[in-house]
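Colleague: Here is what each chain is made of, one letter per residue.
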Amino acid sequence: MSTETIDLKTRLITDFHARESVMNGEAGSAFHQKKRAALAQFDELGFPTIKNEEWKYSNVRDLISVSYNFNADSSIELADLEDLKIPVQDANIIYFVNGHYSPELSRIVSSSDQITIDSLANAYKKNPSLVNSFFNELTQDDNDAFTALNTAFTQDGIFVNVPDNQSVEHPIILRFVSDARTQNVGSQPRNIIAVGRNAQVKLAEAFRTLGNERSFTNSVTEIYVGEEANVEYYKVQNESENSYHVGTTQVRMLDRSHFYAGTVTLNGRFTRNNLNIIIDGERCEAHMYGLYFPDGTQHVDNHTVADHRKPNSESNELYKGILRDKAKGVFNGKIFVRPDAQKTNAFQSCKNIVLSTEATMNTKPQLEIFADDVKCSHGTTTGQIDEEALFYMRSRGISKPEALSLLMFAFCADVVSQIKIDSIREYLENVIADKLASK
Amino acid sequence: MQLVFQDVACDFLLRPKLVTFAVNYHELYIKYKLVMLSINELRASIEGKEILKGINLEVKPGEVHAIMGPNGSGKSTLASVLAGREEYEVTGGTVIYDGKDILEMAPEDRAAEGIFLAFQYPVEIPGVTTINFLKTAVNEIRKYRGENPLDAAQFLKMVREKAKLVSMNDSLLKRALNEGFSGGEKKRNEIFQMAVLEPKLAILDETDSGLDIDALRIVAEGVNTLRSPERATIVVTHYQRLLDYIVPDFVHVLYKGRIVKSGPKELAFELEEKGYDWIKAEVEAVG
Numbered sequence: 012m013s014t015e016t017i018d019l020k021t022r023l024i025t026d027f028h029a030r031e032s033v034m035n036g037e038a039g040s041a042f043h044q045k046k047r048a049a050l051a052q053f054d055e056l057g058f059p060t061i062k063n064e065e066w067k068y069s070n071v072r073d074l075i076s077v078s079y080n081f082n083a084d085s086s087i088e089l090a091d092l093e094d095l096k097i098p099v100q101d102a103n104i105i106y107f108v109n110g111h112y113s114p115e116l117s118r119i120v121s122s123s124d125q126i127t128i129d130s131l132a133n134a135y136k137k138n139p140s141l142v143n144s145f146f147n148e149l150t151q152d153d154n155d156a157f158t159a160l161n162t163a164f165t166q167d168g169i170f171v172n173v174p175d176n177q178s179v180e181h182p183i184i185l186r187f188v189s190d191a192r193t194q195n196v197g198s199q200p201r202n203i204i205a206v207g208r209n210a211q212v213k214l215a216e217a218f219r220t221l222g223n224e225r226s227f228t229n230s231v232t233e234i235y236v237g238e239e240a241n242v243e244y245y246k247v248q249n250e251s252e253n254s255y256h257v258g259t260t261q262v263r264m265l266d267r268s269h270f271y272a273g274t275v276t277l278n279g280r281f282t283r284n285n286l287n288i289i290i291d292g293e294r295c296e297a298h299m300y301g302l303y304f305p306d307g308t309q310h311v312d313n314h315t316v317a318d319h320r321k322p323n324s325e326s327n328e329l330y331k332g333i334l335r336d337k338a339k340g341v342f343n344g345k346i347f348v349r350p351d352a353q354k355t356n357a358f359q360s361c362k363n364i365v366l367s368t369e370a371t372m373n374t375k376p377q378l379e380i381f382a383d384d385v386k387c388s389h390g391t392t393t394g395q396i397d398e399e400a401l402f403y404m405r406s407r408g409i410s411k412p413e414a415l416s417l418l419m420f421a422f423c424a425d426v427v428s429q430i431k432i433d434s435i436r437e438y439l440e441n442v443i444a445d446k447l448a449s450k
Numbered sequence: 002m003q004l005v006f007q008d009v010a011c012d013f014l015l016r017p018k019l020v021t022f023a024v025n026y027h028e029l030y031i032k033y034k035l036v037m038l039s040i041n042e043l044r045a046s047i048e049g050k051e052i053l054k055g056i057n058l059e060v061k062p063g064e065v066h067a068i069m070g071p072n073g074s075g076k077s078t079l080a081s082v083l084a085g086r087e088e089y090e091v092t093g094g095t096v097i098y099d100g101k102d103i104l105e106m107a108p109e110d111r112a113a114e115g116i117f118l119a120f121q122y123p124v125e126i127p128g129v130t131t132i133n134f135l136k137t138a139v140n141e142i143r144k145y146r147g148e149n150p151l152d153a154a155q156f157l158k159m160v161r162e163k164a165k166l167v168s169m170n171d172s173l174l175k176r177a178l179n180e181g182f183s184g185g186e187k188k189r190n191e192i193f194q195m196a197v198l199e200p201k202l203a204i205l206d207e208t209d210s211g212l213d214i215d216a217l218r219i220v221a222e223g224v225n226t227l228r229s230p231e232r233a234t235i236v237v238t239h240y241q242r243l244l245d246y247i248v249p250d251f252v253h254v255l256y257k258g259r260i261v262k263s264g265p266k267e268l269a270f271e272l273e274e275k276g277y278d279w280i281k282a283e284v285e286a287v288g
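Chains as they are written, first to last, in my numbering: chain U, 12 to 450; chain E, 2 to 288.
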């Protein structure tokens, strides 16, 4: 373990105790006890090294080699964000700058009868026991240093509570902006999405970075999907060449619920996405789509878990990536089928195009099946652009760069088309087309 | 080629205003029925193995040339080399098309110059609709020629007319290119693309392969509809049956990388009747 590692870890632990000492009575709360336990777990685990099987191909040495200001102020205004905007109409748009809720920038259009949308800090002030009942309940068994770190330092994020039988018309767009214009900044947003029985909601998390200093985002989102609920959740990262991102989304589904996840990594120095879905109900459907385009020396790692605990449910996963230059990609997809989860259908596929001999992709499907009457499949492919298709297009007068971008766009299409928030899908189509055309 | 330029030069002397159109060889070729495509001692190999061993062929506008020959004789290689497939290495000879040496040209530039290859095995491209593919192709070619792109309405109108011309079902246009198409639909899509791109030189590579007689007839009808005095067609085929429907002006027999026999359309009947063995015997006898 390098001295730098000890440095950031020690600094964080010291910081925690300093904060704790000025908390007065609140330090004794159940909420804080969870945080304290998480800190102890973080202390015990330490930042992962590549000896840790879960982090074998993703080295965080670079990420933890510097310090970050986790309490950075920002003078950000809407005008600064013009270029970073996803044009979304008729949506709830909630901004977090350096991890802190910004009421000035945010706009909530859904009525409060229909849905609670509040910052986690405000929600906790109003109803500590409600927030605490959801906090860290899904992630407590995560055994991951970054998740534990986030839990220990939970301050702000979003709290969404959709009551039973409510169908929320307007999507909720969460924009996490790191203002790295003058210093290295860190943020640890913590989000709780609780969706009641037979309720419906669409959400998106969008991560952007302003400026060229380093940003480190360590986000955790817990999503509770009630019985017969229908939840769509998208995560879009379009950060800077100096952005480090570790994010965990932990989901629990109850009977007959549907959950759709779309994880798109457009840009960032280092990205690790964990998407863990516990299918704790019968006749559920979980869909996971992912897309990533690392270039230069970027690194994108997607770890997913579909944990089937009850019978008769289905999970379906498709991840696709295009890697250029010296980029590195990692896909690790776990499917667990527990002894009770008979009649499970679980499908997983990861397809990659590697455009350079120096780019690498590590894929690892991992199936652990303890039931005997199940249908599971997995497949991964990593290859080059189809030369025959390229020649076919060129023989019709389409230039090589145009043909390449058409082929790559087509490759992405079956993931992009799964994104059901129109404005986000259109935004992605444009950004992806630009990204493919610019090379 | 010497003769060609002399004739053109004479024309310029008599009618000087034509000089401004001097680069438009195509008009002149049609006017004088001169050679549009001239292949001279063309040699090509793939992975170090020589397939074409000195091909000579001249094609004029309006003509239909059939290239026949046994399997492995180099027919498809010739079609591929003309279209610019990069796996083949040209090791000798020249190909002058429309006054230009095309061997150094990228496939897309050859297409923009008016060369079209109908593939033996049209490629399935999931995620790209036929209509989007063609719109990109048409507008890239127009860009190459210095023309403005067609807008959506103009393009759609043109495409509908062409689809009708070659009996192409409109519903296929919205589907991903060739994905899940039947063999007949794929081949018809090739002819449809040819109708849209209006090439000066169309090369049909084994268009009859894998087609039943009805599909063959429909595809041939499409090709015949597109026959014109301005357009030259090279039909590469193993069997004579396609030539019942697309009647050639000339038939050439390719064997071991060379054109060993040329003749009028009747040569095709002779090949159908007697097979290729007598040609092989003739060639072997000459040594």
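Simulated from the structure, these hints should not be mistaken for laboratory data.
It is possible that part of the hints are untrue.
[Claimed, not checked] Lysine to aspartate or glutamate pairs mimicking EDC-like chemistry, simulated, CA-CA at most 20 Å apart: (1) E:Lys136 <-> U:Glu413; (2) E:Lys262 <-> E:Glu274; (3) U:Lys411 <-> E:Glu231; (4) U:Lys20 <-> U:Asp54; (5) E:Lys136 <-> U:Glu440; (6) E:Lys136 <-> U:Asp445; (7) U:Lys411 <-> E:Glu59; (8) U:Lys354 <-> U:Asp336; (9) U:Lys411 <-> E:Glu283; (10) U:Lys345 <-> U:Asp54; (11) U:Lys362 <-> E:Glu125; (12) E:Lys61 <-> E:Glu186; (13) E:Lys175 <-> U:Asp425; (14) U:Lys339 <-> U:Glu64; (15) U:Lys137 <-> U:Asp91; (16) U:Lys411 <-> E:Glu64; (17) E:Lys144 <-> U:Glu413; (18) E:Lys257 <-> E:Asp110; (19) E:Lys281 <-> E:Asp110; (20) E:Lys144 <-> E:Glu199; (21) E:Lys175 <-> E:Glu114; (22) U:Lys137 <-> U:Glu224; (23) E:Lys50 <-> E:Asp110; (24) U:Lys411 <-> U:Asp445; (25) U:Lys411 <-> E:Glu125; (26) E:Lys262 <-> E:Glu42; (27) U:Lys362 <-> E:Glu114; (28) U:Lys411 <-> U:Asp336; (29) U:Lys411 <-> E:Glu186; (30) U:Lys386 <-> U:Asp336; (31) E:Lys54 <-> E:Glu90; (32) U:Lys411 <-> E:Asp110; (33) E:Lys175 <-> U:Glu37; (34) E:Lys266 <-> E:Glu42; (35) U:Lys446 <-> U:Asp425; (36) E:Lys163 <-> E:Asp152; (37) E:Lys175 <-> E:Glu186.
Note that the structure is predicted; figures quoted are calculated from it, not measured.
Colleague: Does each hint fit the structure? Answer for all of them.
Modeller: Hints and how they fare:
Using a Cα cut-off of 20 Å, the hinted pair E:Lys136 and U:Glu413 holds, with the two alpha carbons roughly 12 Å apart. Restraint check for E:Lys262 and E:Glu274: the C-alpha separation of about 16 Å stays at or below 20 Å, so the hint holds. For the suggested pair U:Lys411 and E:Glu231, the alpha carbons sit about 29 Å apart, so the restraint of at most 20 Å is broken. Simply put, U:Lys20 and U:Asp54 have alpha-carbon atoms about 8 Å apart, close enough for the 20 Å limit, and the pair holds.
Distance check on the hinted pair: E:Lys136 and U:Glu440 sit about 18 Å apart at the alpha-carbon level, within 20 Å; holds. At roughly 19 Å between alpha-carbon atoms, E:Lys136 and U:Asp445 fall within 20 Å of each other, so this suggested pair holds. A distance of roughly 30 Å separates the Cα atoms of U:Lys411 and E:Glu59; the hinted pair therefore is violated under the 20 Å criterion. A distance of roughly 43 Å separates the Cα atoms of U:Lys354 and U:Asp336; the hinted pair therefore is violated under the 20 Å criterion.
About 44 Å separates the Cα atoms of U:Lys411 and E:Glu283, which puts this hinted pair outside 20 Å; it is violated. Distance check on the hinted pair: U:Lys345 and U:Asp54 sit about 27 Å apart at the alpha-carbon level, beyond 20 Å; violated. Proposed proximity of U:Lys362 and E:Glu125 is supported: the alpha carbons are some 18 Å apart, at most 20 Å. Of the supplied pair hints, the one linking E:Lys61 and E:Glu186 is violated, its CA atoms being roughly 30 Å apart against a limit of 20 Å.
Between E:Lys175 and U:Asp425 the CA atoms are separated by roughly 16 Å; this keeps the pair inside 20 Å, and the hint holds. For the given pair, U:Lys339 sits about 17 Å from U:Glu64 by alpha-carbon distance, which is consistent with the 20 Å threshold. Between U:Lys137 and U:Asp91, the direct Cα distance comes to roughly 32 Å. Violation of the 20 Å bound is thereby established for this hinted pair. Distance check on the hinted pair: U:Lys411 and E:Glu64 sit about 31 Å apart at the alpha-carbon level, beyond 20 Å; violated.
Our distance criterion of 20 Å between C-alpha atoms is met by E:Lys144 and U:Glu413, whose separation comes to about 13 Å. Among the hinted pairs, E:Lys257 with E:Asp110 is inconsistent with the structure: their alpha-carbon atoms are about 30 Å apart, more than 20 Å. For the proposed pair E:Lys281 and E:Asp110, the alpha carbon gap of about 37 Å is over 20 Å, so the pair is violated. Between E:Lys144 and E:Glu199, the direct Cα distance comes to roughly 16 Å. Compliance with the 20 Å bound is thereby established for this hinted pair.
This hinted pair does not check out: E:Lys175 and E:Glu114 have alpha carbons roughly 27 Å apart, beyond 20 Å. A distance of roughly 36 Å separates the Cα atoms of U:Lys137 and U:Glu224; the hinted pair therefore is violated under the 20 Å criterion. Between E:Lys50 and E:Asp110 the CA atoms are separated by roughly 27 Å; this puts the pair beyond 20 Å, and the hint is violated. Between U:Lys411 and U:Asp445 the CA atoms are separated by roughly 16 Å; this keeps the pair inside 20 Å, and the hint holds.
Only pairs whose Cα atoms come within 20 Å are accepted, and U:Lys411 paired with E:Glu125 is accepted, the gap being roughly 18 Å. For the proposed pair E:Lys262 and E:Glu42, the alpha carbon gap of about 15 Å is at most 20 Å, so the pair holds. A hinted pair counts as satisfied when its Cα atoms are at most 20 Å apart, and U:Lys362 with E:Glu114 does not qualify at roughly 37 Å. Distance hint between U:Lys411 and U:Asp336 is fulfilled; the C-alpha atoms sit about 18 Å from each other, no more than 20 Å.
For the given pair, U:Lys411 sits about 26 Å from E:Glu186 by alpha-carbon distance, which is inconsistent with the 20 Å threshold. A threshold of 20 Å between alpha carbons decides the hint, and for U:Lys386 with U:Asp336 the separation of about 38 Å lies outside it, so the pair is violated. Taken as a hint, the E:Lys54 and E:Glu90 pair is honoured in the structure, with Cα atoms around 12 Å apart against an allowance of 20 Å. Restraint check: the Cα-Cα separation between U:Lys411 and E:Asp110 comes to about 10 Å, which is no more than 20 Å; the hinted pair holds.
Restraint check: the Cα-Cα separation between E:Lys175 and U:Glu37 comes to about 62 Å, which exceeds 20 Å; the hinted pair is violated. Under the criterion of a C-alpha separation no larger than 20 Å, the hint pairing E:Lys266 with E:Glu42 is inconsistent with the structure, at around 24 Å. A hinted pair counts as satisfied when its Cα atoms are at most 20 Å apart, and U:Lys446 with U:Asp425 qualifies at roughly 17 Å. Under the criterion of a C-alpha separation no larger than 20 Å, the hint pairing E:Lys163 with E:Asp152 is consistent with the structure, at around 17 Å.
A distance of roughly 14 Å separates the Cα atoms of E:Lys175 and E:Glu186; the hinted pair therefore holds under the 20 Å criterion.
Violated hints, in rising order: 3, 7, 8, 9, 10, 12, 15, 16, 18, 19, 21, 22, 23, 27, 29, 30, 33 and 34; the structure is consistent with all others.
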